[in-house]
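This note's numbering numbers the first residue of the sequence shown as 429 and each following residue consecutively.
Label pairs and their computed distance ranges (CB to CB):
#1 Arg473 - Arg448: 35 to 41 Å
#2 Pro469 - Gly493: 35 to 41 Å
#3 Ala455 - Asp476: 24 to 30 Å
Treat the hints as calculated values from the structure; they're not laboratory data. Glycine residues also receive a C-beta, built at the ideal position from the N, C-alpha and C atoms.
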Amino acid sequence: MIDDFRQRNSERGNQRDRDRERAQARAGSKTKQPRNDGLTPEQRRERDAKALQEKTARKAAMAAGGINAGGGGKIK
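Kindly produce the complete structure, drawing on both the sequences and the hints.
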């Protein structure tokens, strides 16, 4: 009875070790790639800010348009 418990417990411990090794192997193969978009950090910030402004403008237009504007409007 106790031997069965020990055997099952050691098998689970072994599974954890194997999973940990597999996770480390997967993480090691994923090296961080540098951005290849040819932009400086300042240009990237400007691009992202412009995209965010456009997104908020679209959301505001949808909310102001009501139900027929394609969603986003609240029913009062």
